[in-house]
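So you can see what is in the structure, the chains are spelled out below.
Protein chains: 2
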Amino acid sequence: MKICRTVEEFRRARPELGKLALVPTMGAFHEGHLSLMKKGKEVADSVAISIFVNPLQFAPTDDLANYPRQEEEDFAMAESVGVDAIFAPETASFTQGIKTTVSVGGVSRLWEGEHRPGHFDGVATIVSKLFLVTQPDIAIFGQKDFQQCAVIAQMVEDLNFPIQLQFEPTMREESGLAMSSRNEYFTPDQKAKACHLHDTLMSASTQIKESDQSISDILLSSQRSLTDHNFAPEYFAYVDPVTLEPKEHRISNGRLIVAARFHGVRLIDNIGVFL
Amino acid sequence: MKICRTVEEFRRARPELGKLALVPTMGAFHEGHLSLMKKGKEVADSVAISIFVNPLQFAPTDDLANYPRQEEEDFAMAESVGVDAIFAPETASFTQGIKTTVSVGGVSRLWEGEHRPGHFDGVATIVSKLFLVTQPDIAIFGQKDFQQCAVIAQMVEDLNFPIQLQFEPTMREESGLAMSSRNEYFTPDQKAKACHLHDTLMSASTQIKESDQSISDILLSSQRSLTDHNFAPEYFAYVDPVTLEPKEHRISNGRLIVAARFHGVRLIDNIGVFL
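Protein chains in written order, with the numbering used here: chain A, 1 to 275; chain B, 1 to 275.
Bear in mind the hints are in silico, worked out from the structure with no lab data behind them. One should not assume that every hint holds.
Since copy identity is lost for identical chains, a pair holds within one copy or between any two.
Below, in silico cross-link-like pairs of lysine-lysine (DSS-like), each with a Cα-Cα straight-line distance of 30 Å or less [unchecked claim]:
#, residue 1, residue 2
1, K191, K19
2, K99, K193
3, K99, K191
4, K39, K247
5, K247, K38
6, K41, K99
7, K247, K99
8, K39, K191
9, K19, K247
10, K193, K19
11, K144, K19
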């Protein structure tokens, strides 16, 4: 496994990698990340991952400084699933003095875009850079960040990146809690209770599928259930899976998306509701 | 010479082109364009040009609708200098519904950026698309659009485009008038008089090199000279060649840049002042 600290190092390594799948990450790996890397091995000759905690996608009030970092463990985990190359640039050298922003209108303005202004500009800019450095044939992202997938899909289409995108299902704990590096912030008891976020999504999905309650009533009672369980919801919405626009009536392939704080930790999750 | 109307067509043609130089254009060719294409032949295996009158870089009040279009002549001229491939997409299919913007801070905010709001966002977005479609090894631009060169250099560095940039000197009429597709708008008499723009640049350069007048006095008298000759100057400035920031004192490699309207036609020009 080749570890590249600079753009030039990765470029030198690139020709030997053949048809390449890239998994962009911020490190702090769990089974969710590893499943994306394994998927990469299935669909390409080689898998590269990037590890970069992107300062551009964190607001000053976000958890950038505390975001979990465990590079040696990450490298070992990547190697264990057969990753061929890692691009892990120094933060300073990769983003210092950067004046260019890639900004995706429409889908990036809603939900996460509203609650984390500038977040998706940071994501789109860094993902563009990672694509241009690593030149993958395929890029793989987890559906846990569902809106991020939609933003990147729009960007790849708009700018004609010659890259095929694959979005993979969210990996979950046995409790249903979506795997996330931020789960590390919880005590074991908090983590056990955090699964109520997924329970609420599942219950709303069942209500959409099986009841004749209105969408707005279902969303309202979901939010209330979260509040009753000590979550502070930022949004709980039923949306179009491509535009992320809210839907007041049932559609065949809607998505339930949620963001909520629990014991100070901001969690997001989503599930598909297929009628 | 291969003519490609769609992204897919160009992508299919790309492998045969080997080491590729791209000359992005808006068509309406003159000797300036042809000199860039010839340069491309010198530095790469193949030369591709793009012809795309980019609606994103024109303001509603600009001359988009009237911008000269002469596709058949352009194709013949390109072929005559050995161009290997042309990417000439339909406007609608190439930019319709696009929601992503590439925006270069700093250098793109000054001068043309002030007088043509959104112009450089349009340029950076389309040039990104053209780079991603054509995947050139080298891209060649004319220094006539000096600030555009600086904006693209910043973008290529910031986003890690794996492309080497070459900026070529402005081609001029015998009178000194910079060649431009917009010169077509002039009557012969107006065109003859339009060379005063270049005369004024040359005279300011001489004053910077040989007199001890202050920069601000030199710029002021240059503007006055333009006004006296029926030009309506938008700016006449002495700037750093990378950041485009105005310089109040002499530097070793300053640039004089100017934009002015003459008989309703907006002209830009620039020259290097090397001390």
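Original post:
Where does the structure disagree with the numbered hints, that is, which hint numbers, in rising order?
Top reply: Hint check: 1, 2, 3, 4, 5, 6, 9 and 10 fail, others pass.
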